[in-house]
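Asks: Now for the letters of each chain:
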Amino acid sequence: MEKDKFSVRDLDLYYGSNHALKKINLQIPERAVTALIGPSGCGKSSFLRCLNRMNDFIPGCSVSGKVELDGSDIYDANTDLINLRRRVGMVFQRPNPFPMSIFDNVAYGPRLHGDRDRNTLRDIVEESLRVSALWGEVRDILHTPALALSGGQQQRLCIARAVAVQPEVLLMDEPTSALDPMATARIEELVRELRTRYTVVIVTHNMQQAARISDTTDFFLSGEMVESGPTQQMFTSPRDKRTEDYITGRFG
Amino acid sequence: MANSLTGRKEFDESLLRIEQNLLKLGSLAEEAISGAIWALQKQDDALALKVIEGDDVLDDLTQEINEQALMMIARFQPVALDLRTISSILHMSTDLERIGDLGSGVAKVARKIFHEPLIKPLIDIPRMGERIREMVDGALKAFMNRDCALAREVCAMDDEVDDLDRQIFRELLMLMMQNPRNIEQATHLILISRNLERAGDHVTNLCEHIVYMTTGTFIKAGDFRRPHEGKNE
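If you read the protein sequences in the order shown, they are chains A and B. Each residue of the first sequence is one higher than the last, beginning at 0 in numbering that gives the first Met the number 0. Each residue of the second sequence is one higher than the last, beginning at 0 in numbering that gives the first Met the number 0.
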């Protein structure tokens, strides 16, 4: 937890005239789980998408300020976006496997980045499925359609797909909101394990989930980052009244 | 989960119920102490027995509070102020139950000296009992009003209880030296004084929990009392 992976300075984001993120200053520690919490529309998902420039796809979206990944600004004109998104992977709210086999889903990224060798690909697929705690369940059905898996398995497959390109950071946008409690528990356990290798940033609406799995918690409200601190402190003695009111359900 | 409006309302209602139980436990503990002292002063065996038997009520109520608190944790998974409040209530119920136990302990010892005349008029022991009663009362007020300043004042009051305990000890020691026949009763009176002194310590624990609950910072009761001059033995 010594080093910061991301250092965000004076980040502003507009969707047209809507000022969605206001002067965000935030550090995201390396190899730790950072949870972003806040009511719907507070800007936490927008913020998450800034970390690998997914907002670039949204028409009318403009960003100013600095987002430094290992010290270099990802909004710099020379940033190689393909490389950025390889380094900073993303897992979405709904599992979204490609309509192809389990194997091809995981091999998709490495193939795109130029790995063609069958043995190498097989190793990458196995390793990625092991990391995402899915290998034991799918080792014998690698060539069946991914869409036949259960929701929880599909989400772990998406995590495997994200880790297959050996990212440094995993961004997760409410990765368990479409899953049942058992599948959620598996993913949460997995997130705890992933932090030994990756920097994980997770958006969640589930306060207890943030309390269970994260090391650091950042609270967003109306486009502002209200409070950032060690998770234990945020959930026992938050310093800001607004954090207190939100996490205890007094509003939101 | 507490973070929905309906959940919030239910949580607040449960909180009100558990707080009322804690206050009830507090007044029972207060009564146990004053009842025991009154029984001692008046050599009233029936009252002493009533205090001793009343201890079961305190135990049951403490158990009920603990169950309520666990249920609230399971149902609402409270965080922040809500979590600190529940955790403090759990601790405070234990302290109040112990204060009740000490009251009943005083009554038990008192019954042993009812058959003989007192070796001295009782002045300081009732005074100690009265201080403890005031302290418990202050702590319960501080709890209800989330009043940290009052909680700190109550901590400071324990100095007087400790002084009285020391004074009683010295005085009874003198009486024992004067006449060995005083030893048995004097030892019992010292035990009573010691029970009250420990009850005072439990009240300072209550105050620590109240400050933690309200502010999120741990304090030590000793920080609000005069500097230590060493233990009293």
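For the record, the hints were derived by calculation from the structure and aren't laboratory data. One or more hints might be untrue.
Below, a list of computed lysine-lysine pairs in the DSBU-like style, where the Cα atoms sit at most 30 Å apart [claimed, not checked]:
| # | chain 1 | residue 1 | chain 2 | residue 2 |
| --- | --- | --- | --- | --- |
| 1 | A | Lys22 | A | Lys2 |
| 2 | A | Lys22 | A | Lys65 |
| 3 | B | Lys8 | A | Lys240 |
| 4 | A | Lys240 | B | Lys41 |
| 5 | B | Lys107 | B | Lys41 |
| 6 | B | Lys111 | B | Lys8 |
| 7 | A | Lys240 | B | Lys49 |
| 8 | B | Lys111 | B | Lys219 |
| 9 | B | Lys111 | B | Lys49 |
Distance ranges between label pairs, derived from CB positions [unchecked claim]:
| # | chain 1 | residue 1 | chain 2 | residue 2 | range |
| --- | --- | --- | --- | --- | --- |
| 10 | B | Arg145 | A | Asp75 | 45 to 53 Å |
| 11 | B | Arg16 | A | Pro229 | 28 to 36 Å |
| 12 | A | Pro38 | B | Arg16 | 27 to 35 Å |
Derived coverage of chain B by chain A (criterion: at least 3 residues anywhere in the stretch with Cβ under 8 Å from a Cβ of chain A; other residues may be distant) [claimed, not checked]:
| # | region |
| --- | --- |
| 13 | 6 to 17 |
| 14 | 76 to 87 |
Owing to the predicted nature of the structure, the values given are computational and were not obtained by experimental measurement. Note that the Cβ used here is the ideal one computed from N, Cα and C, for glycine as well.
Asks: Each hint needs a verdict: does it hold in this structure or not?
Replies: Hint-by-hint comparison with the structure:
1. A:Lys22 - A:Lys2: Given that 30 Å is the threshold and the Cα spacing comes to 22 Å, the pair holds.
2. A:Lys22 - A:Lys65: 10 Å, holds
3. B:Lys8 - A:Lys240: 19 Å, holds
4. A:Lys240 - B:Lys41: Distance ~53 Å between A:Lys240 and B:Lys41 Cα, so the pair is violated.
5. B:Lys107 - B:Lys41: 14 Å, holds
6. B:Lys111 - B:Lys8: Between B:Lys111 and B:Lys8 the Cα gap is close to 52 Å, so the pair fails against 30 Å, i.e. violated.
7. A:Lys240 - B:Lys49: The given pair, whose Cα atoms are some 48 Å apart, is violated under the 30 Å limit.
8. B:Lys111 - B:Lys219: The given pair, whose Cα atoms are some 37 Å apart, is violated under the 30 Å limit.
9. B:Lys111 - B:Lys49: 15 Å, holds
10. B:Arg145 - A:Asp75: 45 to 53 Å: Roughly 51 Å apart at Cβ, these two residues keep to the hinted range, so it holds.
11. B:Arg16 - A:Pro229: 28 to 36 Å: 33 Å, holds
12. A:Pro38 - B:Arg16: 27 to 35 Å: 29 Å, holds
13. 6 to 17: holds (count 3)
14. 76 to 87: holds (count 8)
Hints 4, 6, 7 and 8 from the list above are not met by this structure, while the remaining hints are.
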